[in-house]
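**Student:** Letter by letter, the chains look like this.
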Amino acid sequence: MSTQERERLELLQGTLDLLILRTLIFGSQHGQGIARAIQQTSQEELLVEHGALYPALGRLEERGWISAKWGVSTNNRKARFYSLTVAGRKQLGRETTKWKRLTAAIGRILEAREG
Amino acid sequence: MFRRKRKASDFGAEIESHLRLETDELRDEGLSEEDARAAARRGFGNVTQARERFYESKRWLWWDHLWQDVRFGLRMLTKSPGFTSIAVLSLVLGIGANTAMFSVIEAVLLRPLSYIHADQLVSVFSLWERGGVTMPYSCSPPDFFDWRDQNRSFSSMFAYRTTESALSGRGEAKRVRVVIATAGIFSTLEAHPVIGREFTAEENRKGADHVMVVSYGFWQAEFGGLPDAVGKTIELDSEPYKIIGVMPRDFHFPLRGSDAYLPIGFDDKVLTQRGAHFLSVLGRLKPGVSAAQANGDLAAIMAELRKRYPDKDGKWGVRAERWSRALVGDIRPALLVLLGAVGLVALVACANVSNLLLAQATKRQRELAMRRALGAGRSRLVRQILTEGLLLAIFAGAASLLLAHWALLGIVRFGPKDIPRLGSVGLNTTVLTFTLGISLVSALLFALIPALRSSTTEVNGLLKNSGSSSPRAGRSRSILLVGEVALSLMLLEGAGLLLRSFVGLRALSPGFDPKGLLTLDVSVPDARYRSSLALEGYWDQVLGKLGGLPGVTSVDAVTPLPLSGDDFSSSFSVEGRSIPEESQPSAELRWVTPNYFRALGIPLAKGRTFSDADRLGGARVLLISETAARMFFPAGDAIGQKLRFGARGGYEGNEGEIVGIVGDVRHFGLDAPIAPTFYVPLAQAGMDGATLVIRGQASPAALGRVARRLIQEMDRDALVGEPVMFEALLASSLGQRRFYMMLLGAFAALALVLAAVGLYGVISYSVEQRTREIGIRVAMGAARSTVLSMVLGNGLRLVVVGLAAGQGMALMLNGALKRLLVGVSTTDPPALLGAAAVLLLVAILACYVPASRAARMDPLVALRFE
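Heads up: the sequence lines are chains A and B, in that order. Numbering follows the numbering used here, with no gaps: position 45 of the first sequence is 45. The numbering used here runs 115 ahead of the 1-based position in the second sequence.
With the rest of the complex left out, here is chain B (with noise of 0.2 Å):
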């Protein structure tokens, strides 16, 4: 396909032989052999020309132009390898940031759920509206069913919730992640068992629900995917389970996968219980529906619930989110954000190269007059300083693979856990092709000014002088410059504020001291300690051999813990206020040791913390933290005061007596608000798990296996989790403000070095363009130190325009940020200063480099410079 017909060399064969012929018969006729060649050659016109117009009439000749603009490319570029090194490297930091800002926004954003037909499914969930304030929330049995049931937009919905659970009796027992699902979960997420059989609606019944799917991975695990596994039974928490099939191989939900799949064992109690909202939801919609009309569905059979139940379903309502977007919620605007600021990354790198061009093109004026003056017409000319641009953009988009990939394994790596899917980050087909778009697209961005440029430059001039600059082209290169410094200032304030933020939010206390301190899970499984007795009496035994090994400290225990992701809430009455069921208040429940607070520095500011008396048995007494007691005891009366929980379906059927109040703790991370909370002591509750929280001289890996071993070696069947240092909680909790914070950095660093790159390449471009006449001012008598201003002047002027422009510019785009800042507004003058401050130090050191060699500059050989 790109071989021309028929090759040159043969029609230059037809038309030597035409010219023979002609030359033969002209001799014939009687002309000499010299006559008649003449004659033949002018019978037959312009020679040439002919071969020509066969060369040119072929449909192959803008392939060889091409060909031939790209070998002549190439020895340009290999011509000047310093210009060529720049580039490339100036556009690999450019597209390799992009490549790799793509493939997390690709692999979090945009690459289907692994799921038949994902598009379709929605996650549904209550809305709790209090005070104008909407909360998303869990939903309750009885509002699950009445929306599956009534709606006309869902092909199918269910309803699940994930735990984990204890797999006991086959050796030690391990931790298996469990989805308790309605029997609609196979249907909707249009996944079956490959052996066996799903369970089925009448199997969510209690006492029928004692069966399980399981996942592939843990049959080959457990059963080494032997098909006699199905129709077996296993414990799960000390309760037998029936096996009754196994899913796909690549059947994974939640994302992460689980090991077991459940039916959700509903007894009759919890079908009426409208205010229990535990279960999350998802559907599939009917083809051709969509979330805006499902909502619609919704929201008229939950008003016409709110109508029917306005005790309990008053104060909700619903909505329906494609799942692919309830998934990444907030994460979302942050990483379109970041995706913004780097394409800035990109422009900048491109305005770099624009101007590297600009100049080199300068340099090659004489040889591109000479060019046209030997007749290339002007397409042709831009289509040169083009290829030579695309060139440059493959190598750099090749090389910036690289690049991206070690910044991928940095990302996987370090990057939080809590980003779904951010794990899968690669270089697949959708980035490289990202990636080759992106290096065309900049490509075109740097290599048109350029190419037009020179091909506009006026011939005769050029060739009969020495070829010093136009002052057109140094003004676009003044303009690109400014553009440059600009854009930089805007990603340097940007992550000046992330990071003003953070700091602010690092420096915020979470209301106690993690340092040395050990966490540890621990649950038993509750079917054999069913009395609140017995339990008790398990922690005792678990606190007191811990607490006595050598090394240990304190030992300690919490449910839930701070910062762990679990919390507890629930509603509570004032003994002696009447307030409606509905309108009760509700805080956050923690149960702890008595000890807890001594062991984890919180402060007791009135009244008196949990002592060991506080058990089973004795009167029972509750603490609460000073937010809780300025909200809900105003008038500072708070000791004395009895409380009862769990009138709205939360925790049932505790009371207690308050008798102190502790300082507050940030439970849910540095940049969420505090949360009014109650402690319960853990000995009067009778918990089936908790978190130890122990402090010791050990190292915490060394620790840890002791204490699970002491643990197992008291009940084989308890569950064990794996020690995490409670300053690693406290660190992950500010994980993707950190992650946001390092990547919006790392733009900024490359804008910064991009841009001193091109200010550096621009001034001793100028002052090497300018030696004579600097040459003329030293020899004059200028003093060094006036040539030196000079020229760092020259440079300054545009950083300032620069700096300008780039404020002006940041101050209407800066809102882009608001959601990614704690505590700091988008007009901080710390972080806006301080970007400038630094981009005008590093301006100034890569001007003065230029600049006092221009000073240094020895007036005769200035002079004799040409």
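Next comes chain A alone, as it looks inside the complex (with noise of 0.2 Å):
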């Protein structure tokens, strides 16, 4: 298992909310979904354990970000799948542009030279 190895990047606090909001942009998914479409689209860097994905997901619902009902699984499983609501769409504009905001922010910090 070559994903074992490596040691993968911890998320920032925050930043999960982020990322389910963001992966959801395509569509309805699972929690298993979203934790697989997570860690493969960071190309493996990013340590999600998949148990603390879940109080995340609550905690979208109760704001009315995300909402969720039972459906199936491509593979015929039950699943609960989650997908973004208008306010979780502008939520995700939000966050989009203060997250890059920062990291320029951050960016520009690291980058720059005397004189």
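Hints in this document: simulated from the structure, not taken from any laboratory. This structure is a prediction, so every number in the text was calculated from the model and none was measured. Cβ coordinates follow ideal geometry from the N, Cα and C atoms, glycine included. Take these hints with a grain of salt, some might be off.
[Said to hold, decoys possible] Here are a few chain B residues that sit away from chain A, every Cβ distance over 10 Å (derived from the structure):
#, residue
1, P709
2, R730
3, S879
4, A897
[Claimed, not checked] Listed below are several chain B residues computed to face chain A (Cβ distance under 7 Å; list not exhaustive):
#, residue
5, E129
6, S132
7, R135
8, G158
9, F159
10, G160
11, A165
12, E167
13, R168
14, I220
15, E741
Two chains, two separate frames, one set of hints: put the complex together.
**Tutor:** This is the structure in structure tokens:
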């Protein structure tokens, strides 16, 4: 298992919500699918403990940014599917802008040279 | 609202589905089924923790915990029924007594009067200032009109008096309760007739005043509620009155209501009689005006009147007081003292239950330690104990309503009739809210110490050893017990003081012997007996006929009757003494038949009593009481003096010569001072009403019936009251004092029982805890008497500390009882020592039972005890 050996990055506080919302922009997905998608899209760089995903999903659901209902997966398993709400889409926009500004700012500081 | 949004089982299913999907995917990637399952689990992390986190993230967790605590608490309470029943019973006594007492306070003091904006109504009365003493007094018509017309604080004001009249001309004469008032009554009380009209200011003049507004009840009873009653004329005291209106169904004035409202027929003369004080006055304050402002306003007016009429108003002041407050004058402080006392009972009950809970907590130490060891937080354990306390209090609060209900039935039935609105007590919403409140507060009070104590127990040591009580818990229990004893002593002392005061008053002689005497009010419409001569003849006839009845030993008449609440006073002048009119002395006046003094056993001290010869046309004669003789004729020269009454608007135009001195009578009740009194022969006065005093062999009811029939045969329109035994009047004159004494006595008894139970519980418990130790002592040869005195001594040491503490607090607080005591000081040694003795005796009994059990203990059994 190639993924196990390399040390992966732990998520920064609060970024998991953003990643979940972003993942759901491609359509509804169940918890396991979201976890896999984050892992794969980040090219296995990010460490997502699957168990930690669910409190975040619950939180987003409570705030009305995602909604959930039971459905059937591609391989015919019962699963709870999450999808982005209108409010969630807006929130994603806001969070993305914020994140980009943050990383740009941090990047500028890290790149800065004297003189 | 109380349901979680998402069930834990649904979350569980989602985790299951996650693991399955992940397993599927890993297997597709080439892992074996078994490895895939393990890897999926690893990848997920701690499944249990995820479930728990889900569980705890939900907002209604506290509700779940509460529900768990409640269920667990109920199990604990049912598991130890002995503890539970004693705890609940203690609380029922404490909360029940408080609920009953608060109901009385609510009905008598708190409930608003049933008038619109009743808080604006104030009672206005004259103040009689003489010799440094000010006494509230009725008002005179001219003063009333000046106040009403000159003030700036009242939107409206009216004067009234209440009386009883005979409704005649409609079959047998009936007694009706009448309010005679100025026209302002309607605007001041903001109540107006539902049918017809109210009377006007013009009808307050003599001659125009023969109209009446009747109450709804009277209208229903006399006219069957027919609208044509308005316009009809009926006879009151043989004079015609035209009904002009009917008041609303819920209108009652004064508090108990009346049958009819009549205008005051003022004549020109009375409008100038500034000294004729016979009116009650009520006013309605303008919005935003305080009683203090109104008092300032009225005082300024009165100062002006005093200057303008120094001879009539010179000694008079005026005062306004909220009507709701004025109605309960002396009753209010007494009830508040009792409320404080019943609060002490609740504290004793709480201390008791707290003690029981502490003992219980020691037994449960292992259970609590186990829960802590398994991860229960400290706050969770505190909450558990508090929840159990709340359960106890809520059960007790509900059960106490039954106790309070019975207590209120007794209070309504046997309570004094002269406490306004006492008859209307009931368990209404206000009272129920209070009960709920006091239940919750007491739960906090009694459960807090045990809750905090149990949460601090040290887990390790407890799980290891057998769980004997910690010394700190023992100290809490001792302190609580000392508190119980101290509070009980205070209540017992209070009850003892009231009892001593009451017994002292009961032992006083009223100045006459009421035994076996029946009293019966009789009055005749004076319109038909206009002359004194006709009235004299009437009374002769009544006394003669009744005296001739078989079984009747004596019949006499008096007015006003001692202890009836009625009185008559007048100023007087002594011939040969020149005293300015406004500083003339004043004394009580009574009209009696010649044999009255012998029938009541009032002793003749000097001179002679009246004889049958003292009649109209004969020489006018007077008797005076010993107090009057001492006050007005200190030289002992009373007999032979000539007096004249009524110089200052009292009883006009009577005079007479003092022919004898008789013993004092406590006319106003055993607890009131003796007033100087003059007696006038009834035959010389021409009274249209008097009270017959009958002694006979027949039963009072039968005697009353026969007398009534005889009197009404003689005159259909004569009004005959209900027969009342004189002794009953005497007893009811102390009615309020008896009521207060009974209540405080009941509270003290409750506290005593509670303290005894508490003491018994604590001593029994300590004996149980020390079983091993006592066993060893006995095995080593300690005498049983040594064990007995050791246990007894331990208990009584606490009691003595409690007695000392209680005595200290009582010395500070007994002052509150001062107003309720007559002839007894607040440090009365017999009351205080008696209370302490009773408490000590009960305490010895409560300690003796467990002590003797300890002394009889079999050392072999005790040593094996675990």
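**Student:** Determine for every hint whether it applies to the structure shown.
**Tutor:** Okay, the hints, checked on the actual structure:
1. P709: holds, 99 Å
2. R730: holds, 103 Å
3. S879: holds, 53 Å
4. A897: Its Cβ never comes within 10 Å of chain A, the nearest being 66 Å, so this holds.
5. E129: The hint holds - E129 of chain B has a Cβ within 7 Å of chain A, the shortest such distance being about 5 Å.
6. S132: Check passed: Cβ of S132 of chain B comes within 5 Å of chain A, closer than 7 Å.
7. R135: holds, 6 Å
8. G158: holds, 5 Å
9. F159: For F159 of chain B, the interface hint holds, since the closest Cβ of chain A sits about 4 Å away, which is under 7 Å.
10. G160: Holds - the Cβ of G160 of chain B comes within 7 Å of chain A, reaching about 3 Å at its closest.
11. A165: holds, 4 Å
12. E167: Check failed: Cβ of E167 of chain B comes no nearer than 11 Å to chain A, outside 7 Å.
13. R168: holds, 6 Å
14. I220: violated, 50 Å
15. E741: Violated, because the Cβ-Cβ distance from E741 of chain B to chain A comes to roughly 92 Å (cut-off 7 Å).
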